[in-house]
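Below are the chains, spelled out letter by letter.
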Amino acid sequence: NAGVTQTPKFQVLKTGQSMTLQCAQDMNHEYMSWYRQDPGMGLRLIHYSVGAGITDQGEVPNGYNVSRSTTEDFPLRLLSAAPSQTSVYFCASSFRQGGSEAFFGQGTRLTVV
Amino acid sequence: DQQVKQNSPSLSVQEGRISILNCDYTNSMFDYFLWYKKYPAEGPTFLISISSIKDKNEDGRFTVFLNKSAKHLSLHIVPSQPGDSAVYFCAAHLTGANSKLTFGKGITLSVRP
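Protein chains in written order, with the numbering used here: chain A, 1 to 113; chain B, 114 to 226.
Hints are computed from structural coordinates only; laboratory data are not their basis. All values derive from a computational prediction rather than experimental measurement. A couple of the hints might just be wrong.
[As the list claims (entries may be wrong)] In silico lysine-lysine, DSBU-like type, Cα no more than 35 Å apart, as pairs:
no. : chain 1 : residue 1 : chain 2 : residue 2
1   : B       : Lys169    : B       : Lys213
2   : A       : Lys9      : B       : Lys118
3   : B       : Lys213    : B       : Lys167
4   : B       : Lys184    : B       : Lys167
5   : B       : Lys181    : B       : Lys213
6   : B       : Lys118    : B       : Lys167
7   : A       : Lys14     : B       : Lys213
8   : B       : Lys213    : A       : Lys9
9   : B       : Lys169    : B       : Lys181
[Stated by the list, open to error] If you want the footprint, here are the derived chain A segments under chain B, 3+ residues with CB under 8 Å:
no. : region
10  : 11 to 21
11  : 70 to 78
[Stated by the list, open to error] Label pairs and their calculated CB-CB ranges:
no. : chain 1 : residue 1 : chain 2 : residue 2 : range
12  : B       : Ser164    : A       : Gly53     : 40 to 48 Å
13  : B       : Gln115    : A       : Arg96     : 24 to 32 Å
14  : B       : Asn120    : A       : Ala82     : 29 to 37 Å
15  : A       : Gly16     : B       : Pro192    : 46 to 54 Å
16  : B       : Arg225    : A       : Thr70     : 44 to 52 Å
17  : A       : Gly53     : B       : Thr208    : 18 to 26 Å
18  : B       : His189    : A       : Val113    : 29 to 37 Å
19  : B       : Val191    : A       : Ser67     : 26 to 34 Å
Don't be surprised by glycine CBs; every beta carbon is placed ideally from N, CA and C.
Sequences and hints are given; from them, build the entire structure.
So this is what it looks like as structure tokens:
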């Protein structure tokens, strides 16, 4: 039972490069989201999706794009990486919104130099 | 403006004693509150939740108390074990068109053997 799978686990980018962080879940969850974790800042919501074809911005969306073409996949795109995007990124999914627990991936540690 | 606040960044307790982790919130419209536990280099995992219509929820060694009038919740761990040493995030859910989870900054719990 894979749950939520994120790739890659580690990535180093140069400023200005673009890349896509992959996230896939096999639990048929409708709700998926991306967070970033920075020291002393907790988990901050970047983008989320309530179902295939529907996405919305979270608290810190600038510099990131998302799409949700299938229920299973929710990739996060960095269009032009900046050092301020150095962070640990977590993808999460849940059966529904509300009190339903969210399942998190293992995280992607991204460094932008 | 931070809507979910975990004002104490760290807590250290002796094995076998009680751990009390606190969380305050500002938005009275939050309808669910959740606690997540995170070990280093892993994604957060769901621990326990409570609906805003309840004042207590218990699951084994973990109990969450909600005081709506004070906009305060707490997580009690009894008895504390060394394996409980982790970062604990409080999260609050807001129902509606923009339904999403808002996380606190986290508390690092250390349980001394």
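Hint-by-hint comparison with the structure:
1. B:Lys169 to B:Lys213: 22 Å, holds
2. A:Lys9 to B:Lys118: 29 Å, holds
3. B:Lys213 to B:Lys167: The hint holds at about 20 Å.
4. B:Lys184 to B:Lys167: 13 Å, holds
5. B:Lys181 to B:Lys213: OK: Lys181 (chain B) and Lys213 (chain B) at ~20 Å, within 35 Å.
6. B:Lys118 to B:Lys167: 20 Å, holds
7. A:Lys14 to B:Lys213: The hint holds at about 32 Å.
8. B:Lys213 to A:Lys9: 25 Å, holds
9. B:Lys169 to B:Lys181: 11 Å, holds
10. 11 to 21: As far as the region 11 to 21 of chain A goes, the hint is violated, because 0 residues have Cβ atoms under 8 Å from chain B.
11. 70 to 78: violated (count 0)
12. B:Ser164 to A:Gly53: 40 to 48 Å: Given about 30 Å between the Cβ atoms, the range is violated.
13. B:Gln115 to A:Arg96: 24 to 32 Å: About 26 Å separates the Cβ atoms of Gln115 (chain B) and Arg96 (chain A), which means 24 to 32 Å holds.
14. B:Asn120 to A:Ala82: 29 to 37 Å: Between Asn120 (chain B) and Ala82 (chain A), where Cβ atoms are some 31 Å apart, the hint holds.
15. A:Gly16 to B:Pro192: 46 to 54 Å: 52 Å, holds
16. B:Arg225 to A:Thr70: 44 to 52 Å: 47 Å, holds
17. A:Gly53 to B:Thr208: 18 to 26 Å: Cβ of Gly53 (chain A) to Cβ of Thr208 (chain B): about 22 Å, so the range 18 to 26 Å holds.
18. B:His189 to A:Val113: 29 to 37 Å: 44 Å, violated
19. B:Val191 to A:Ser67: 26 to 34 Å: Since Val191 (chain B) and Ser67 (chain A) have Cβ atoms about 45 Å apart, the given range 26 to 34 Å is violated.
Violation of the numbered hints given earlier is confined to hints 10, 11, 12, 18 and 19; the remaining hints are satisfied by the structure.
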